[in-house]
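Visitor: Single-letter residue listing:
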Amino acid sequence: NAGVTQTPKFQVLKTGQSMTLQCAQDMNHEYMSWYRQDPGMGLRLIHYSVGAGITDQGEVPNGYNVSRSTTEDFPLRLLSAAPSQTSVYFCASSYSGDRPNTEAFFGQGTRLTVV
Amino acid sequence: GNSVTQMEGPVTLSEEAFLTINCTYTATGYPSLFWYVQYPGEGLQLLLKATKADDKGSNKGFEATYRKETTSFHLEKGSVQVSDSAVYFCALRPSGGYQKVTFGIGTKLQVIP
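Protein chains in written order, with this note's numbering: chain A, 1 to 115; chain B, 1 to 113.
Derived from the structure by calculation, the hints contain no laboratory data.
Glycine included, every Cβ here is placed at the ideal spot set by N, Cα and C.
Heads up, a few of these hints could be off.
What the hints assert, rightly or not - For lysine-lysine, the following DSSO-like pairs were computed, each having C-alpha atoms within a straight-line distance of at most 27 Å: (1) B:68 - B:56; (2) B:60 - B:77; (3) B:56 - B:77; (4) B:108 - A:9; (5) A:9 - B:100.
To be verified - The following residues of chain B were derived to be distant from chain A, with all beta-carbon distances above 12 Å: (6) 11; (7) 12; (8) 13; (9) 16; (10) 25; (11) 38; (12) 58; (13) 63; (14) 69; (15) 70; (16) 76; (17) 78; (18) 82.
Assemble the whole structure, with the sequences as input and the hints as a guide.
Guide: Here's what the structure looks like:
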């Protein structure tokens with residue numbers, strides 16, 4: 001199994017540029033989420049989805065958009081990149097619903113720098 | 001709301017030393033508890049978990065016991081190795097339908113030869 005696949009692994013953007021971070025999972029997980037990891041801040045939830053067509057905001061959603069058209073894919077869009085969005089981004093997936101006691105699977109991360 | 005508290009570190013130990021990383025939580029009901037490990041340049045991966053009170057999770061020589069009375073899930077290892085150097089995250093997932101996972105801030109462990 002490939003698990004959770006994130007692309008790209010590294011990206012440098014100029015302020016104001018847009019881009020999409022890709023995330024795909026092959027485990028048929030209902031739940032997918034995006035986190036950002038910053039020094040001293042731990043993991044902060046950006047957006048999440050409990051199934052195709054359903055998304056919701058996490059702790060730090062401003063500046064990011066998501067959509068979930070299929071169970072497998074959950075892209076994260078930066079519409080107008082800002083230096084404050086320099087971070088490492090992780091996508092995660094897990095089962096939900098009547099199987100609450102299962103762990104999250106994480107992608108390898110995308111290291112984004114906005115200059 | 002739910003919360004997880006752990007020391008940020010860094011924790012520096014000599015090889016073969018005993019490791020304890022404390023984790024306490026706040027949540028209603030009976031959440032599932034997890035420890036994740038993040039090696040340099042990688043994503044998080046599950047280290048161990050416990051789903052009910054008094055359960056002990058174990059993996060790769062690491063152990064943690066779900067203590068409902070003290071709302072704790074401390075991570076221990078009897079003899080650390082250089083290869084254990086990583087960041088360790090404690091996390092909880094509330095019971096009942098789908099609930100979001102809450103992570104601690106992560107504790108960086110450095111093991112020196």
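Visitor: Under the constraints set out in the numbered hints, which ones does this structure not fulfil?
Guide: Structure breaks hint 11 only.
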